[in-house]
Amino acid sequence: MSTAAANVHTPETQRTLAASSHTNETAEPVNHEPFDIEHMPVEDDPRAWSPFRKNVVFSLIASASLIAGLAANIQNPAIADMEAELHATVSQVSLSISLFILIQGFMPLVWTAISEIYGRRIVYVTSLAIFTVASVIVATSKTITLVIVFRCFQAMGSSAVMAIGAATLADIFDPAERGTKMGIYYIAPLLGPSLAPIVGGVLTTGFNWRAPFYFLVIVSGSSCASIALFFRDTFRRERSLTYQSVLKRRLKSMSASSATVAAVEKQPATLSDDPEKQAELAPSGGAAGMSDIKLSLLDVNPAQPLWLVLKRPNNFVTLFASGLMFAYNFSVVFTASRTLSSAYGYNALKVGLVLLSFGLGNLAGSVLGGKWSDIILAKLKAANGGKSDPEMRLESTKLGLILLPPSVVAFGWVSAKHVHVSAMCVFLFLSGAFGIWAYTSTLAYIVDANNGRSSTAVATNSAFRGVFAFVAIEVAVPLQDSIGDGWLYTIWTAILIIVGLQIWLVKLKGSAWRAKAETAEYLRGRDDNS
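Using the working numbering, read the sequence shown as starting at 7 and increasing by one per residue.
Simulated from the structure, these hints should not be mistaken for laboratory data.
Bear in mind that the values here come from a model prediction, so they are computed numbers and not experimental data.
Any given hint could turn out to be false.
Claimed, not checked - Calculated cross-link-like contacts (lysine-lysine; reagent style BS3-like; alpha-carbon spacing at most 27 Å):
no.: 1; residue 1: K522; residue 2: K404
no.: 2; residue 1: K317; residue 2: K522
no.: 3; residue 1: K515; residue 2: K317
no.: 4; residue 1: K385; residue 2: K513
no.: 5; residue 1: K317; residue 2: K393
no.: 6; residue 1: K387; residue 2: K522
no.: 7; residue 1: K404; residue 2: K317
no.: 8; residue 1: K513; residue 2: K404
no.: 9; residue 1: K423; residue 2: K356
no.: 10; residue 1: K513; residue 2: K387
no.: 11; residue 1: K393; residue 2: K522
no.: 12; residue 1: K385; residue 2: K515
no.: 13; residue 1: K377; residue 2: K387
no.: 14; residue 1: K515; residue 2: K404
no.: 15; residue 1: K393; residue 2: K513
no.: 16; residue 1: K393; residue 2: K515
no.: 17; residue 1: K387; residue 2: K404
no.: 18; residue 1: K404; residue 2: K377
no.: 19; residue 1: K513; residue 2: K377
no.: 20; residue 1: K404; residue 2: K393
no.: 21; residue 1: K377; residue 2: K515
no.: 22; residue 1: K377; residue 2: K393
no.: 23; residue 1: K515; residue 2: K387
The whole structure should be built from the sequences, with the hints applied where relevant.
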């Protein structure tokens, strides 16, 4: 089917298509009934599952997502011990951290492509198994080279849940409740970076630098086994634009003979560009028809869905802003650790306890911001006659975007003046809360605005986060040493003001941008079928 056929029938798109029909005599009539691929009829619809089953899936994924946050920062308290025992330099140990973040950002693009063919469950189990094995090797390593190499494999394994987890929530929850669930879901990965220094510090102090990695073996192994036993796959091919697009290309390649052409024409309505025909599809028919053709990873071009996400201005601007907000999180944890160690003389455990205030702020902002996002969306939807569009969700970011910059600049100058640590804790909490308040709604928007491509969109978001966090960590120390915390976070304040303006621009222009892109994709798909 056309990659836009599923969501072309939005009000804005209808107006754009109607306008184009006046300039094109061959334009086909447009159906004004709303339709989106997320509500294609399917067998064993995950959105019709019982609350208990949904919550089991939700709990499994949320707990597994803690691993990514823990793994990125758990070795920080053990750096000195690792350098001494492995005869490593500071730059070598730092490389193991920065490469981890970079790979963790980009690997979701690969995992997403796999999940769009084989489903979510196999990706979760495989990725967590890779992480578990890599953690064992890191824990038993005798050289820093082996640590660096298998920290990269740890990053590969830990990255899948972060990206596909949000897509799994989109599989089982409707947009009206998605903001709240996203907020709760992100508690674990957001707490991870703050809890990791405490866990790493306690284990390193009580045992040695290898203990934190054995801890990760236990956590990831348990999560992998739980998902293998209790997770029920939420992926449905009928609701994936990526799968449908790949299937359509495979069918075209098989249409050399007239017999094959006839078979293609008899495929289920999910392959049609007519949403009305799609809506009439019986669940059993869809599953049976598509099972006749087996797809593999060789049929998938990860670059195509990635490009379809990035070419939309509303996506690109939002992803850019989201990446910068996430980079701030890594920067503040990294630089605050250095300030607390050098200026306050704190050991690894005390540093972790102070940074916990940032994690608690993340916790509060994620839960409250997600709930507020759903409340605002419901209110705006009711005021709009029961109709909603994804941009309505961005209205809920206003509070966080306004209060985040003053919290950040205050934290910077409190750190620079080395005032009592309680003041640092207050502003760490506030900046953590307001930053995630905005981030949660932004992520929910990315999912809502990409029906049928939610996993690719979230994976692309992970790539932006990984690149920006990598750069933020690489430049943090030189900037901190040269201009100090005050001016470093004054710069961050200016960046976050720009982030707020970007998100508000999408709030105002996103609907029109999406309509234009959806219309172009629809017309291109129609031309391909003519």
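Hints breached by this structure: none
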